[in-house]
Each structure stands twice: as C-alpha cells, then as structure tokens.
Amino acid sequence: MSGFVSETSRRRPGTCGALFTVHGLTLIALVLIGLGPLYWALKGAVSSPTELVTNPLALWPADARLGNFTLAWDELQVGRYVLNSFWIVLGSWAVQLFVAATAGFALSVLRPRFGPYVYGAILATMFVPYTVSMVSLFLTIIDLPFLGINIANTYWAIWLPAGANAFNVLLAKGFFDALPRELFDAAKVDGAGTWRLLVSIVLPMSRPILAVISLLAVMHSWKDFIWPLVAIADPQKQPIAVALTVLAGQAPQDQLIAAMVLALIPPVVVFLIFQRHIVAGLGFTGVKG
Amino acid sequence: MTTATVTRPTGEQAAQESRAARSRRWRSGGRRELIGLLFLLPAIAVFGMFAWWPIVRGLIISFQRTDLMGTSEWVGLANFEALFADPLLGTAVLNTLLFVGLGVLIGFPAPLILASILSTVRRFGGVYRFLAYLPVVIPPVVSVLLWKWFYDPGAGLFNELLGKVGLGPYPWLESPDTAMLSLVLESTWAGMGGTVLIYLAAMVGIPAELYEAAEIDGANMWQRIWHVMLPQLRTVIALLLLWQLINTVQVFTEPYVFTGGGPQNATTTVLLLIFRYGFQQGNYGQAAALALLLALALAVLSAVYLRATRSWSKS
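For the record, the sequence lines run as chains A and B.
Counting from 1 along the first sequence, just add 4 to a position and that's the residue number in the numbering used here.
Counting from 1 along the second sequence, just add 1167 to a position and that's the residue number in the numbering used here.
Hints in this document: simulated from the structure, not taken from any laboratory.
Idealized CB from N, CA, C, for every residue including glycine.
A couple of the hints might just be wrong.
Claimed, not checked - In silico DSS-like links for lysine-lysine, alpha-carbon gap of 25 Å or less:
{"id": "1", "chain 1": "A", "residue 1": "Lys227", "chain 2": "B", "residue 2": "Lys1315"}
{"id": "2", "chain 1": "B", "residue 1": "Lys1315", "chain 2": "B", "residue 2": "Lys1331"}
{"id": "3", "chain 1": "B", "residue 1": "Lys1331", "chain 2": "A", "residue 2": "Lys227"}
{"id": "4", "chain 1": "A", "residue 1": "Lys227", "chain 2": "A", "residue 2": "Lys241"}
{"id": "5", "chain 1": "B", "residue 1": "Lys1315", "chain 2": "A", "residue 2": "Lys47"}
Claimed, not checked - What follows is a set of in silico ranges between Cβ atoms, one per label pair, in the way DEER data are often shown:
{"id": "6", "chain 1": "A", "residue 1": "Thr158", "chain 2": "B", "residue 2": "Trp1241", "range": "24 to 34 Å"}
{"id": "7", "chain 1": "B", "residue 1": "Glu1379", "chain 2": "A", "residue 2": "Cys20", "range": "13 to 23 Å"}
{"id": "8", "chain 1": "A", "residue 1": "Leu36", "chain 2": "B", "residue 2": "Ala1249", "range": "47 to 57 Å"}
{"id": "9", "chain 1": "B", "residue 1": "Leu1272", "chain 2": "A", "residue 2": "Pro256", "range": "21 to 31 Å"}
{"id": "10", "chain 1": "A", "residue 1": "Pro212", "chain 2": "B", "residue 2": "Glu1376", "range": "24 to 34 Å"}
{"id": "11", "chain 1": "A", "residue 1": "Leu70", "chain 2": "B", "residue 2": "Gly1330", "range": "25 to 35 Å"}
{"id": "12", "chain 1": "B", "residue 1": "Ile1413", "chain 2": "A", "residue 2": "Thr58", "range": "21 to 31 Å"}
{"id": "13", "chain 1": "A", "residue 1": "Thr158", "chain 2": "B", "residue 2": "Arg1232", "range": "51 to 61 Å"}
{"id": "14", "chain 1": "A", "residue 1": "Ala196", "chain 2": "B", "residue 2": "Trp1241", "range": "49 to 59 Å"}
{"id": "15", "chain 1": "B", "residue 1": "Leu1397", "chain 2": "A", "residue 2": "Pro212", "range": "24 to 34 Å"}
{"id": "16", "chain 1": "A", "residue 1": "Tyr121", "chain 2": "B", "residue 2": "Arg1232", "range": "50 to 60 Å"}
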C-alpha cells in the first residue's frame, strides 16, 4: 500500500519525524473528540451535583458514587425506557429482516414477470426522504388503509414502517443475485420446495449480508428519534431517546447524565463487538491491500 | 400429394405438442408468478402502506384540509397561501440555508483532511478508525444533550476550558448569533466518522502506480495530493457532498433538542416548522404543503447538482 507519502520519503528522517508528529497529534485529537465526551459523561454521572458546579474541570470527582445510576434506573424510569427501546429495536429488526429476505428472494431467485416493476417502485422510495412523507405517514398509521385500525401509540407503528426500507431490499437482492443458480436448480431437482429453498439454501449462504442488514437495522432503530416522537405519545411506551428529551427538562443534572450514559451503553457495546463488520459495511470490502 | 399426407399428421402432432408444452409452461409459469407474488407480498404490503401511499397522500393532503376525524375537503391552494403568509417561513428557510452552509464550510473539509491523515497511518490504523467512528454510534439525542451540558454558560465544559486560556465566556446556544454555529459544531462532530471511513476506503483504493508515476515526474507531496488523490476521489467527494446537503437540509434533532427553535427563532428550521404545523397545531395540510415544497427543492437540488458534477468530471 502506498499513498501520497512515498516510500522513499518515508525513509527520509525529516519526513519520518513529521509523519510521527502528525500521527501523534491526530491520535491525541481523536482521543479527545472520540473518547473525551464519553469519559466526561461517565465522570459527570458519578459526580455529586454540587461538585458539578463548584469544580467542573475536575478529572475525577472527589467522592465518586454509583448512586446516580440506580436513581436514574428506578426513579427516572430509565430501566423501563431502555426496555421499550429494546422491544422497538427487536421488532424493527425482525420486520426488516423478514421483508428484505422475502423480497430479495422473490426478486432475485423466483423472478416473477412483474418483479422489475415492484423493484423499481421500491428503489424509487429511496429518493423521497421519509421526513418529507412523515405527516401523511402519521395520518396513515392512525387509520390504516383497508383495515381502518389505529396503530399509533403501539410499537407496530414503528415496526411495520421500518420494514419499508429500500436499501435493505437492495442489499439482499444484490447478494442473492451473486449466489450460484445451479445450486437452486439442484435443490429443485432434489425436490426442495420454494420455502425450503429460501430457508435451507439461500439464507444460510447469505449470513454476511443478513449480518449487515441486522446491524444497520439495530443501530438505526436505536438512534431513531423523530418518528418515535411522533408515533408514540404515551410516555410509558416511549423509547429512551424520546424519554431523555422529556427528562432533560425535569431531572437533576447529575441523574440526567447518568441516564444518558445508560442510554449510550447498549449501542457502544454493540459497536465494540461488531466494529469490524460495521467498518466493513462502510466499504472496506474487496479493497486490495 | 404424398408429401402432404406425410407432413400433415406431423404438423398436427407438432402443433399439439407445442400447445401442450405451451400450456404446461403457462401453468408452471403461472404457478411461478403466484409464488413470486406470495414472497413479494410482505414487501408490497409494507411499502404500499408505509411508503408508496404516504408519498401519494402527502401530495393529496397538501391541497386538502384534514383533521384527525378523517374528514378532509379540497381547499385548492389555501394551504400554500397560509404557508407563504407565515412570516416564520422565510426565517426557517434562511436558518436552514445557514445550517447547510456552515455545515458544508466546517463539516465538509474536516473529514477529508482527517481521512487523508489516516490514510498515511501504517500501525494501529484500527485504533484511529475506531476513535473517529465512535461519536457516530452515540444516539443523536444523547449527543445533543451532552453538548448542551458542555455549552452551558454556567459551569459548562467549553466556557470553563476557554476561560483557562483567557477566552470567553461565550453565550453559545443563548445568543441568536452563535446558536446555529453551536448546532453545526455538534452535528459535525456527531456525523464525521462515517464520512471519514468512506473517504478512507476510497483513498486506499487509489492505485499506488499513480503516485509512483507522479513522483518519478518530480511531483512533491502537495502536488501528489492535489493532482493525483483529489482527482481520483472526485466521484466520492461529489456524492458525499450531495448526501451531506440532503441530510443537513432535513436537520431536526439538533434544533428540537438543543433550543426548540430559539433563541428568537434563530434555529427554527424548515423541518421544525413542518413538525410544529403538523404535530403541535394539527394543521396537517399546511405541514404537508411545506413538506411537498421541501421534497421539490431537494429534487431540484439533486438534479442540478448531479448535472453540474457530471459535466465537471467529464472535463
């Protein structure tokens, strides 16, 4: 691998020193902007409210205490909101995976004659940002067409619209397209039905793309804010992201910070576990060394 | 004559056979179509109900007066007239443009510079990428509330730190002059990581021979950046800039959580206005009308932009 800094100049002591300095400074800056805010939040969460005001620049509080976490979890009901978020994420993930897998399978393997039109209509939705149709989406969930039921204030109002994600279908179809078709024919000769073909052949071979769709789905629905804010009005059912904005106006600062730390632990843990896949999902696949 | 008697039965046979084959193919084809439809049904159902229909309906209700009871009547252009009569619309458009402009000014070069530094890192590159991406993982509401605490004019981190070197105190979110800049700083921090990784992937993909050839021709490092790296990244840069424009035009979480649109409406953006019309005032028609105009503006922006960058990359 070579970049704009060439091999010969890397060997020159002047360039080598300059590179070392730039890399060192960049690392310090990245630690400050990447880890700094997280550390500061953690420090704020274990500080007492008086210390937050009297000695705001202390690197660690004199009397660190974990009490704020239990207070936030019980008194501010952060436990309930985090659980709500878990349900929302779980359902959104399941719906997205189901829709992407079935649609990708139909469009790529079964290939019905009208398939390309449906695919075109699905891809077309990528050009309409969902904030733009948010108002009519809200009017839709309070009175579902044909069914006439109101799903606002239930998690279905988040789960089902999450499934209408064109990018997932694009990813699934693209991956299924690359699977060897002889395999499908062989399975058909062996008497496998269509459902069997999907469950026993296509899905097991598509784990990488299912993982990418899952990660995108989980990260996105944990971070989503504007739609849950609109769709779930009942404070008892709100996810942590929406609840925090309400708590911000009511709770004491130190407990609020503890609540924020609790809210960012799950996504950070998911990132720590899957960071290789997340980074790969952003375009590190197929790059020659 | 004899040939005719010979060929006639074979012709009939062939016709029969082909008819049977056609009907068999038709039947199995029909069955295939049906199974295909069955597997597409979940997608058709969710896209139909929650994507295609709301898009069409958004168009319809911009010309209607709608209430929660489900009654709606056609009102012509009344929603648009009410919209343009609102003095806040101009403010919101200007604020949104300010956010987009500052976002491009600060948030566009920063990830490009960071990515080009990271592309020269040989050891522990993973640590750099991990740290750069970490803010992206944090839920936006948490990021905004954290920064709100940092911006606090009382004992906030920023004013305390700047006070140590004799600067400030700055009003940050409290003043109409600096509020928008404060929002842009946070959103740049929160969104930069993803862009850095995409640039980095594109930079690693540039063939080493190009740099080597430039070096043999006597190009120094800055010339190699300017004449080799940036032209090679042209497409990625153009697409990411468009992506950033589309995203920042739709900014909502930052103004909603940081300031609620204040102070003195200095951070009231178009999306915040849509939210207020629709979900606080129950004026769905007017909200849909503004959303429709926003969609049109984004479509025109994308079309003009793609056309401009296409001719630019050709020349």
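Taking the earlier hints as the rules, which of them does this structure contradict? Numbers 3, 9, 12, 13, 16, in rising order.
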